[in-house]
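Chain H is fixed; fit chain W onto it per the hints.
Protein sequences, first through last, are from chains H and W. Just so we're on the same page, this note's numbering is the position in the first sequence counted from 1, plus 1. Just so we're on the same page, this note's numbering is the position in the second sequence counted from 1, plus 1.
The set of hints was computed from the structure by calculation and includes no laboratory data. Fair warning: there could be bad hints in the mix.
All copies of an identical chain are treated as equivalent in the list; a pair is satisfied when it fits inside any one copy or across any two copies.
As the list claims (entries may be wrong) - Pairs of lysine-lysine, DSSO-like flavour, derived with a Cα cap of 30 Å:
| no. | residue 1 | residue 2 |
| --- | --- | --- |
| 1 | K124 | K100 |
| 2 | K6 | K163 |
| 3 | K131 | K100 |
| 4 | K6 | K249 |
| 5 | K356 | K124 |
No experiment lies behind these values; they were computed from the predicted model shown.
Number of protein chains: 2
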Amino acid sequence: MKLLKGGLENVPGYSFSAVECGIRYRDRLDYSIIVADGLCHAAGLFTTNRIFAAPVRLCRERIGGRIKGILINATNANACTGDEGYRNAVTLTRDIAEKLETEPENILMASTGIIGRQLPLEKMMASHNKLVDGLSRKNGTMIPKAIMTTDTVPKSVSASFKTRTREYVIAGTAKGSGMIAPDMATLLAFIITDAPLSPEDLYVIFRRAVSKTLNSITIDGDMSTNDTAIVLSPVSLDIIEDAADLQKFEETLELILGGLAGMLVKDAEGGTKFVRIHVKNAASDDDAKRIARAVAESLLVKTAFFGNDPNWGRIAAAAGYSGAEVSEDRLSIYYGDIPLLLKGTPAETDPEKLKSVLGGRELTVNIDVGMGEYEAVMMTSDISVDYVKINSEYAT
Amino acid sequence: MKLLKGGLENVPGYSFSAVECGIRYRDRLDYSIIVADGLCHAAGLFTTNRIFAAPVRLCRERIGGRIKGILINATNANACTGDEGYRNAVTLTRDIAEKLETEPENILMASTGIIGRQLPLEKMMASHNKLVDGLSRKNGTMIPKAIMTTDTVPKSVSASFKTRTREYVIAGTAKGSGMIAPDMATLLAFIITDAPLSPEDLYVIFRRAVSKTLNSITIDGDMSTNDTAIVLSPVSLDIIEDAADLQKFEETLELILGGLAGMLVKDAEGGTKFVRIHVKNAASDDDAKRIARAVAESLLVKTAFFGNDPNWGRIAAAAGYSGAEVSEDRLSIYYGDIPLLLKGTPAETDPEKLKSVLGGRELTVNIDVGMGEYEAVMMTSDISVDYVKINSEYAT
Numbered sequence: 002m003k004l005l006k007g008g009l010e011n012v013p014g015y016s017f018s019a020v021e022c023g024i025r026y027r028d029r030l031d032y033s034i035i036v037a038d039g040l041c042h043a044a045g046l047f048t049t050n051r052i053f054a055a056p057v058r059l060c061r062e063r064i065g066g067r068i069k070g071i072l073i074n075a076t077n078a079n080a081c082t083g084d085e086g087y088r089n090a091v092t093l094t095r096d097i098a099e100k101l102e103t104e105p106e107n108i109l110m111a112s113t114g115i116i117g118r119q120l121p122l123e124k125m126m127a128s129h130n131k132l133v134d135g136l137s138r139k140n141g142t143m144i145p146k147a148i149m150t151t152d153t154v155p156k157s158v159s160a161s162f163k164t165r166t167r168e169y170v171i172a173g174t175a176k177g178s179g180m181i182a183p184d185m186a187t188l189l190a191f192i193i194t195d196a197p198l199s200p201e202d203l204y205v206i207f208r209r210a211v212s213k214t215l216n217s218i219t220i221d222g223d224m225s226t227n228d229t230a231i232v233l234s235p236v237s238l239d240i241i242e243d244a245a246d247l248q249k250f251e252e253t254l255e256l257i258l259g260g261l262a263g264m265l266v267k268d269a270e271g272g273t274k275f276v277r278i279h280v281k282n283a284a285s286d287d288d289a290k291r292i293a294r295a296v297a298e299s300l301l302v303k304t305a306f307f308g309n310d311p312n313w314g315r316i317a318a319a320a321g322y323s324g325a326e327v328s329e330d331r332l333s334i335y336y337g338d339i340p341l342l343l344k345g346t347p348a349e350t351d352p353e354k355l356k357s358v359l360g361g362r363e364l365t366v367n368i369d370v371g372m373g374e375y376e377a378v379m380m381t382s383d384i385s386v387d388y389v390k391i392n393s394e395y396a397t
Numbered sequence: 002m003k004l005l006k007g008g009l010e011n012v013p014g015y016s017f018s019a020v021e022c023g024i025r026y027r028d029r030l031d032y033s034i035i036v037a038d039g040l041c042h043a044a045g046l047f048t049t050n051r052i053f054a055a056p057v058r059l060c061r062e063r064i065g066g067r068i069k070g071i072l073i074n075a076t077n078a079n080a081c082t083g084d085e086g087y088r089n090a091v092t093l094t095r096d097i098a099e100k101l102e103t104e105p106e107n108i109l110m111a112s113t114g115i116i117g118r119q120l121p122l123e124k125m126m127a128s129h130n131k132l133v134d135g136l137s138r139k140n141g142t143m144i145p146k147a148i149m150t151t152d153t154v155p156k157s158v159s160a161s162f163k164t165r166t167r168e169y170v171i172a173g174t175a176k177g178s179g180m181i182a183p184d185m186a187t188l189l190a191f192i193i194t195d196a197p198l199s200p201e202d203l204y205v206i207f208r209r210a211v212s213k214t215l216n217s218i219t220i221d222g223d224m225s226t227n228d229t230a231i232v233l234s235p236v237s238l239d240i241i242e243d244a245a246d247l248q249k250f251e252e253t254l255e256l257i258l259g260g261l262a263g264m265l266v267k268d269a270e271g272g273t274k275f276v277r278i279h280v281k282n283a284a285s286d287d288d289a290k291r292i293a294r295a296v297a298e299s300l301l302v303k304t305a306f307f308g309n310d311p312n313w314g315r316i317a318a319a320a321g322y323s324g325a326e327v328s329e330d331r332l333s334i335y336y337g338d339i340p341l342l343l344k345g346t347p348a349e350t351d352p353e354k355l356k357s358v359l360g361g362r363e364l365t366v367n368i369d370v371g372m373g374e375y376e377a378v379m380m381t382s383d384i385s386v387d388y389v390k391i392n393s394e395y396a397t
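One chain only, chain H, in its complex shape:
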């Protein structure tokens, strides 16, 4: 496989469009669409929140069928909007379907933004002609911008891989920023490829790749009502079935999703640091994940990262309350390779060396539980003064 420059526009067989609809703010791209030339199989993973947005309900109903395109709006989540919110999503996708000369159920929808407000239906309907007229392959560059909320940079990755017969491309874009938690964050991610897979292979591979990537990041532990990750793959009589070829597809998909996951954490709301929590030698797989998540979500740990504060005691405390099997006399904690706690005893550390590791833009925390042989990795950010500022003024 080979990383490519650019993003969605690298994938043959798709076109894109985005407009400034004025859904919540003026003068910004906020409404966009991804359209396949033909019909696609789609696999989707959605929030596990029991309160989920109208577009998530719509996707769950439609995703098993043939998919032509995905309609996406930013700045309004269309969540907690009752039956009216759902009817609005149906109305919007039906109108787009007509204009694309396809069936309503071939259009998916995804939304992100503030919860509890109805979409400005008329305004959005009025922009559909412009949206459809603007469709072109080169406009793939607009989608990453059009789906942003508090993200500060657009995010996209693309890569190619070769089967024994030909070369294919996978590309993806995502938005995140806040309300990011495992089990799907407030995260919209759209992956497209010209590689044709069976719907079963597509789902199984997508699920596995998301679990290793998008579901291993956490910013604030808050799980959104709107999390949506969708992959599109063209319906074809000539699908990729060979195990070695499917393996290449999976590795490339993981590269794309892993790249997007890293970008999401690096662009965390107010975040100043990219932190990997690497748990080793836990008693079970669940225990390893529990510890990684408890540490990655501890507010005290994350504010200490922000302040370059070597307060590793908070990491030990979070491991201790994670619910996993932990014993002080077996626990070791390192920043990078600098030991801070060795089997329950505070280590002598060189303050200068520690300062240089802590002061960097990236940090790996290694936690050796000493109870077994399982490991887990969670990627997270610090929590800064700016995080609080951003999130205390979001609705107003």
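Below, chain W alone, put in the same frame as chain H:
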């Protein structure tokens, strides 16, 4: 029962002392002791963190016996300090016991402060003469100050109650501020009374009262390694056994603990608001607690409180990911009595009225789940810019 002015000094049969030992900082009270005239029964509740401090281990070993006093230090948690940390706690309590002419195992110890540093043993031993010489009943006023870490105000409550034969007093003091979570927060709480109870009654009543008070508050969801709540009651041949009298004791104890819990939340690190999360009509007791806790600990909800931001969608989202049975079309959310969401439909709200409710120093969030008949209350604070500032610079 009757609330009294003052605190620990109101309880006959105890004396107190506190000194500026210089454990971590100069010129502040940081080392103190509570001593009973005779021997006491004690009940204690401790952190459920698997990583727990040396003094917690020491208390767990000794609390079933007869107790003469409690030695308390602030600014150093004596946690993650290995065997040396435990030996230090033993040495300190043994020396104090000698000076008080009692057995070493009659002295409990509690510590709070930074994790992972050894106590300055020599300095502390050197202050023991002064500590014991300073013992007097009136010095009860010093204890609330001497146990503070980032608390901004000392906390104490006292109250009296009458049995059919005489009047008794209960008084308590506590420190908290950050790292506060249910199941015992970083919270030290010491309750003393001249009311003699059987050790069994004392434990059962204390446990029940703590569950309704100290275990219903959360500030940042981080559970400490040092949480300790202890109640002392004099050993006596003439114990309170009558059910009605025990009931009065319990009500008064709840008043004391509830008062302290409220003070802890109001003095939350960087907190600007006192928020009650009141969950009603949940499908089960567990569900009610899960929702209350998920909402009370959501970083996005708490930063919105700080910004007076009516972003109730974040409350719905937190209820949705709490793990409890929640259905959007039954969920209602109110700030005070102002509806924001009514059975899944956003309510029309008067912005002016909303502003005045949100702008206040206290706020009650009412969540009607509409699934059953169980309720739960959690008290919490907002998360402010100052919270992050305080916690990013704690160790340095």
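Right, here's what the structure says about each hint:
no. : hint        : in the structure
1   : K124 / K100 : within (17 Å within a copy, 81 Å between copies)
2   : K6 / K163   : within (17 Å within a copy, 80 Å between copies)
3   : K131 / K100 : within (11 Å within a copy, 87 Å between copies)
4   : K6 / K249   : within (19 Å within a copy, 75 Å between copies)
5   : K356 / K124 : between (53 Å within a copy, 29 Å between copies)
Hint check: no violations occur; every hint is consistent with the structure.
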